[in-house]
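Q: Sequence:
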Amino acid sequence: MKIYFATYQALLMNKGGPTYKIFSLQKNLLKLGIEVHLYNMWNLEQQPTNKDLVHLFTANLNTYPLARNLQVAGIPYVVNPIFFSNHKAGMIRKYLSLEKIAGKLLKRSYSDYT
Numbered sequence: 022m023k024i025y026f027a028t029y030q031a032l033l034m035n036k037g038g039p040t041y042k043i044f045s046l047q048k049n050l051l052k053l054g055i056e057v058h059l060y061n062m063w064n065l066e067q068q069p070t071n072k073d074l075v076h077l078f079t080a081n082l083n084t085y086p087l088a089r090n091l092q093v094a095g096i097p098y099v100v101n102p103i104f105f106s107n108h109k110a111g112m113i114r115k116y117l118s119l120e121k122i123a124g125k126l127l128k129r130s131y132s133d134y135t
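Convert by adding 21 to the 1-based position in the sequence shown; the result is the number in our numbering.
Just so you know, these hints were derived from the structure itself, not from any lab. The beta-carbon is built from N, C-alpha and C at its ideal position, and this holds for glycine as well. Mixed in with the good hints there might be a few duds.
[Unchecked claim] Have a look at the derived ranges for each label pair, beta carbon to beta carbon:
1. Leu-127 to Ala-88: 17 to 23 angstroms
2. Met-22 to Arg-89: 18 to 24 angstroms
3. Tyr-85 to Lys-109: 20 to 26 angstroms
4. Lys-121 to Gln-30: 28 to 34 angstroms
5. Ile-55 to Pro-86: 22 to 28 angstroms
[Claimed, not checked] In the DSSO-like style, the derived pairs of lysine-lysine whose C-alpha atoms are separated by at most 27 angstroms in a straight line are:
6. Lys-52 to Lys-36
7. Lys-36 to Lys-125
8. Lys-125 to Lys-109
Using the sequences and the hints, build the whole thing.
A: Written out as structure tokens, the structure is:
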């Protein structure tokens, strides 16, 4: 079994907590002898199968399509729901309340807080 780490495409453009978390965890798992790959959608020779595990870092609109495709393909995955916002908690609660109303009117609508 191989473990693939995956996240949103612009991760390395926004270096911060998730970047260091991914590389640190990869380094330490490799020390334990666990085979870990950084998922690269362009490398057709190194794609996860249903015998592997994909570890998704961040749970948002950027990683949703990958998670959905993994589910459809029967490839097991786990999610590390790293979340960051510049908005205060009260503002996020307001957005979520508005989304409940909007979601009834606008089916299949998503936002960063869904």
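Q: Taking 28 to 34 angstroms as the stated bounds, is the beta-carbon spacing between Lys-121 and Gln-30 within them?
A: 29 angstroms, holds
Q: Is Lys-52 within 27 angstroms of Lys-36, Cα to Cα?
A: With Cα atoms ~24 angstroms apart, Lys-52 and Lys-36 stay inside 27 angstroms; holds.
Q: Against the range 18 to 24 angstroms, how does the distance between the Cβ atoms of Met-22 and Arg-89 compare: consistent or not?
A: 22 angstroms, holds
Q: Note whether the CB distance of Tyr-85 and Lys-109 lies within 20 to 26 angstroms or breaks it.
A: 25 angstroms, holds
Q: Quick one, are Lys-125 and Lys-109 close enough, alpha carbons at most 27 angstroms?
A: 25 angstroms, holds
Q: Quick check on a hinted range of 22 to 28 angstroms for Ile-55 and Pro-86, using CB atoms only.
A: For Ile-55 and Pro-86 the Cβ distance comes to about 27 angstroms; the hint holds.
Q: For the pair we were handed, Lys-36 and Lys-125, check the Cα-Cα distance against 27 angstroms.
A: 37 angstroms, violated
Q: Does the Cβ pair Leu-127, Ala-88 satisfy 17 to 23 angstroms?
A: 22 angstroms, holds
Checked against the numbered hints above, the structure breaks only hint 7 and satisfies the rest.
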